[in-house]
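S.K.: What follows is the residue order along each chain.
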Amino acid sequence: MDASLHFDCLVRLADDHMILGHRLSEWCGHAPILEEDLALPNIALDLLGQARILYDHAGKIEGKGRNEDQLAYLRLERDYRNLLLCERPIGDFGHTVLRQFYFASFMGLYWSECQNSNDQILREVAAKAIKECAYHIRHTGEWVIRLGDGTDESHQRMQNAVADLAPYVGEMFHMDETSQQGAIAGLIPDVSKLAATWHAQVAPVLAEATLETIEVKPILGGRSGQHGEEMGFLLTDLQFMQRTFPNMTW
Amino acid sequence: MVTVVSSIAWDVAAEVTDPEIPMLSIADLGILRGVKTLDDGKTEVSITPTYSGCPAVMAIEMSVSAALAKAGFDPIIKRVLSPAWTTDWITPRGREKLLAAGIAPPAKASNSIHALFGETQVNCPQCGSHETERVSEFGSTACKALYRCQSCAEPFDYFKCI
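Here the protein sequences come in this chain order: A and B. Numbering of the first sequence is given in our numbering, commencing with residue 1 and proceeding in unit increments. Numbering of the second sequence is given in our numbering, commencing with residue 1001 and proceeding in unit increments.
Rather than coming from a laboratory, the hints here were simulated on the basis of the structure. There could be a bad hint or two in this list.
[As the list claims (entries may be wrong)] Some chain A residues near chain B, calculated using beta-carbon distances under 10 Å:
no. : residue
1   : K64
2   : Q120
3   : V125
We put the beta carbon where it would ideally sit given N, CA and C, even for glycine.
All chains should be modelled from the sequences, with the hints used to inform the complete structure.
M.R.: Have a look at this one:
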């Protein structure tokens, strides 16, 4: 397989996990209850752990001597290829749990398919991540139901979250040139084939939460490095230490 | 091939404890997967993380390296992901130690991810009561959940089944 294609496919996946992990970490010390102050950073840790292995692997495939830190901290905004869904600001707690529920439900399917990948490391990451994902889906799914089918206020906020995140759902299942080539090469799953199952899994939870599903035209861009304006602020925070003290280690 | 030398190295590595669950050795926990002597004389120790992002892994790897170096070995640590760690690998001795430390050991036989969704019965490690409730899916470390006993009212950690 072409090394640059292989690298691109791995970095996308790593970026999804690191950027979303960073967003979740913003809740540390700010979550509405103590249990969530433990839960959200715990989920973030799982995502960062997955991202680290993927960056390390991608760096070796690329063969230019970049390690996980250089890939995570020292690229420019346009070089990050995460889904726009993952970089959206945390919003209120409802936004955060709904986004996590969407993403975990997607990754549960994605990792399952990755068990057939011809990349051994991807298969190994997947085997571990499937179990972690199952926890994330259950935890966030329970919150979606509790808040959606809760008070008038919590219901309205969850319905707003559904509307706000609706344009970012489609990108998860969008196939561009890189994802097509990666799927043809047997490296990553064809995400367009995961859409129906994803909707079938998410719909009953939204229904139980008394939330109305909204379908709108998807906004794309993350996979080609075109990010929302919030991404720059995120990277400023994320990259601060490495930019200020280059090559620092803890 | 298991040699006498690597068996001694195993014993040295097996004594290293988990910094977040100090009553358990890495052998009790089942994350020490193998020790072998390489052709160049180095000792390769395979360790698997409990969770992808477990922050204790690096500390454990450093402790194992230090313990082996002190015992006269030239260690290399290999982090293995597959097969993925499962709580079924915690040894019977490890389960007893968890219970003695007030942490409910994981339910057994977690081969399928469906085990995660079933309602598992968790007994209170203090009084043994079945009347317990889950307070939080996530606890003080990535591998634990927080429970409360409705009989003796004590909160306790449950080692999650994965």
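S.K.: Using the nearest Cβ pair, does Q120 of chain A come within less than 10 Å of chain B?
M.R.: Cβ of Q120 of chain A sits 8 Å from chain B, so the hint holds.
S.K.: Mind checking the CB of V125 of chain A against every CB in chain B and telling me if the closest is under 10 Å?
M.R.: 6 Å, holds
S.K.: Is the hint on K64 of chain A kept, meaning its closest Cβ partner in chain B is under 10 Å away?
M.R.: 23 Å, violated
Comparing the model with each earlier hint shows a violation of hint 1 alone; every other hint is respected.
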